[in-house]
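Number of protein chains: 2
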Amino acid sequence: MHESSALLTDRYELTMLDAALHRGTADRECLFELFARRLSGGRRYGVVAGTGRFLELLKHFRFGESELEWLRDEGVVSTTALDWLADYRFSGSIWGYREGEAFFPGSPILVVEGTFAEAVILETLALSVFNYDSAVATAAARMTSAAGSRPLAEMGSRRTGERSAIAAARAAYIAGFSATSNLEAGRSWGIPTMGTAAHSFTLLHDSEEDAFRAQIDTMGAGTTLLVDTYDIEEAVRLGVRLAGPELGAVRIDSGDLPIVVDQVRRLLDELGATSTRITVTNDLDEHAVAALAASPVDSYGVGTSVVTGSGSPAMGMVYKLVAHRDDQGDWISVAKKSAEKATVGGRKTAARAYDRHGVAREERIYLGDGPAGEHEGAADAASERPLMVQLVEGGLVDEQYLGAAGTRQAREHRAQAVAELPPRAVSLTRGDPVLPTVYLEG
Amino acid sequence: MHESSALLTDRYELTMLDAALHRGTADRECLFELFARRLSGGRRYGVVAGTGRFLELLKHFRFGESELEWLRDEGVVSTTALDWLADYRFSGSIWGYREGEAFFPGSPILVVEGTFAEAVILETLALSVFNYDSAVATAAARMTSAAGSRPLAEMGSRRTGERSAIAAARAAYIAGFSATSNLEAGRSWGIPTMGTAAHSFTLLHDSEEDAFRAQIDTMGAGTTLLVDTYDIEEAVRLGVRLAGPELGAVRIDSGDLPIVVDQVRRLLDELGATSTRITVTNDLDEHAVAALAASPVDSYGVGTSVVTGSGSPAMGMVYKLVAHRDDQGDWISVAKKSAEKATVGGRKTAARAYDRHGVAREERIYLGDGPAGEHEGAADAASERPLMVQLVEGGLVDEQYLGAAGTRQAREHRAQAVAELPPRAVSLTRGDPVLPTVYLEG
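Chains as they are written, first to last, in the working numbering: chain S, 1 to 442; chain D, 1001 to 1442.
Same shape as in the complex, but just chain S (with noise of 0.2 Å):
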């Protein structure tokens, strides 16, 4: 595996900066604008997700002698369009919503400004990033919503790439996840991990008995058994007799959960076990997740659904040139014409406007060059709040929003943006957006 991002593009990236070269447009001061035209899936309400992702791999976005000399072999691109990559720096400059901020179809989730060489050739791995991780947290605000107090762990590895496995234990986290079994992603990006057992632990042993008794001397009477590899009554009724009432957890990963469920409580109860907690995992989705609020389940594990998007696994976000500066070094915007797939061009800011009770009514646009803060707004908004944050000021990356320490800042910032939205956000069902997207003349 190859450390630098940069090859992680399409080949046309790399052929369009080589005409551009040559016909002495690749420096012309460029406007790029990542956004979504619809929410799929019928979603009320998106979750901004990848840009803590996308700032470090802009970072190691460089062409070293190995990507040169292999963009070389296959005769990508010329020398003069290779002379350039091998300098390549990102020098421009990132606006962009919040990591962990809603959006609504429109929203100018990432605007990108320098020239068309430097900020073209980032479209491929701004998409990939942002497509992903968006869907996913996404997908798993509906989760947390669904599950209301009760916390949920994303244990979806296994069910998406090894790599994606990563980016989605951290999107699940900022939409409200309170763990991961991924390892890799707690090393990454400082996410709790947590897990349990397989059945294959138990069908190992020469008894269940055996099996709860390895796992209870190793990690303790708080462990989380899992009950049902054979018979469940009896799985319970021995991790209780093993563990005593100390004992953490148990987790079911089949049968009718609702059902299930009641009848492990009221074992558990029965054996004096009232404080061990049942944990479900039976590939839920939000709609299973909300059809057990009565049930007395205490946390979910999330696999399958949450890293696959919940039935919409890519968010739609396209990255399209808005605005260019000509010659005399004014801005001109752009846009392509095509029926369906119109866009707005130029430069944009972007407010979420409240009514008086502190509740978001209006997703605002404002095309125009000021910060939206400086705008008057509709006279009837009792207040406004700018989205857009600076991420990258003259290619140095703002590094707040990092690491460990920028995924837990995105993560209460979702909390904040989804906290704010109508109510009616917090729906499963498909529907429209649940704010408008007005787009006003800065």
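I should point out that these hints are in silico values taken from the structure, not numbers from a laboratory.
Each statement offered as a hint is correct.
Simulated restraints, written as ranges between beta carbons of each label pair:
| hint | chain 1 | residue 1 | chain 2 | residue 2 | range |
| --- | --- | --- | --- | --- | --- |
| 1 | S | D217 | D | D1087 | 18 to 26 Å |
| 2 | D | L1402 | S | R72 | 20 to 28 Å |
| 3 | D | E1412 | S | Q263 | 49 to 57 Å |
| 4 | D | A1404 | S | R72 | 13 to 21 Å |
| 5 | S | R430 | D | E1209 | 41 to 49 Å |
| 6 | S | R72 | D | E1209 | 25 to 33 Å |
| 7 | S | V389 | D | P1258 | 40 to 48 Å |
| 8 | D | S1207 | S | P423 | 47 to 55 Å |
Beyond 12 Å from chain D on every Cβ pair, some chain S residues (computed):
| hint | residue |
| --- | --- |
| 9 | G42 |
| 10 | D83 |
| 11 | R241 |
| 12 | D298 |
| 13 | Y354 |
| 14 | E412 |
| 15 | H413 |
| 16 | P436 |
The structure presented is a predicted model; accordingly, all values stated were derived computationally and were not measured.
Ideal placement from N, C-alpha and C gives every residue a C-beta, glycine not left out.
Fit chain D to the supplied structure of chain S, relying on the hints for placement.
The following block gives chain D in isolation, referenced to the frame of chain S:
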């Protein structure tokens, strides 16, 4: 990013190992099996992909100082387990279906033999790789069938995690795609790369003519021009005027494709550009590709749908303990009993049985020790083909399955394996697997 693949692992793999070490059961010889209980999405057959990637990752599955230090600091496992992990090298053996092979519910896609400790900790990584890669290959194979003799290019890097994008390009190639837009997939796996140009390139320039000129001057007349930024008809006329009838291709990325493609073909022919090809790329999936069968399309670019498994983004494969040796050295079959997740215990080999016309008719899974080739088979079968090969022997990976050569071999094998299936295998409607899975005593 860390080189080692060892922490791409669920925490419970290591805590189970820890508990088994303490119990004295960690060294029990075990057989784990990777298989799918069903084909998600009503697929008629699955395509195995991921083998070559998994074997590469297996070679880097090492707990180095940095991994051990993190595990120690986090208190994930005991020092006994840390010492064991420090020396970890997989020393067991692995058999499996060839990469590119068709598979069915219950097919033993991978059989891992080793001690419990050394085999259990590969679970997460193996599943991540096979579940994602096979989901992509299975979807991609449907697109390959739908496209007939027309080439398909994989262009979905931007719609999946940035490292999954490489795996997706590789899986699609194995499933019959001819090229990818992803440069790293070209470098890492020898897959042909391709590319056209984006709308941003046209918008950057003062006119479409400027943009086309720049592209043709740099890339030659054989390039592919994107013609739907403004007006398709004008763009096609312009492209032929600038490049002449040698213009390689035009790409259409929007609009009502069957109508637009017909118009563009007529226009190109009128202009004398009879050999200029038409490539289409507008959110295609296998159904859209099939719907264009009668249109004069020359090639397809597929993005989102292929990298997200076209509605089934994870294959649903599991990794289960199926047998272990007892203290006398005899193999004991084990299986989970929960109704909807029951597994078939014991060592298995597999063969595909054919009718007398050479058409596959049955997936045979033999329970027992011998290689499938030695079984007699049912009396009415003209022949059968053993499906499993040894991938790893005593910890040593068979190099023929690695790298670009292994990938090419998998691509060839996929074509043969799919060609042998009954004709209804290419049906795009949801349905039952095209072959029944039959369990036989070995």
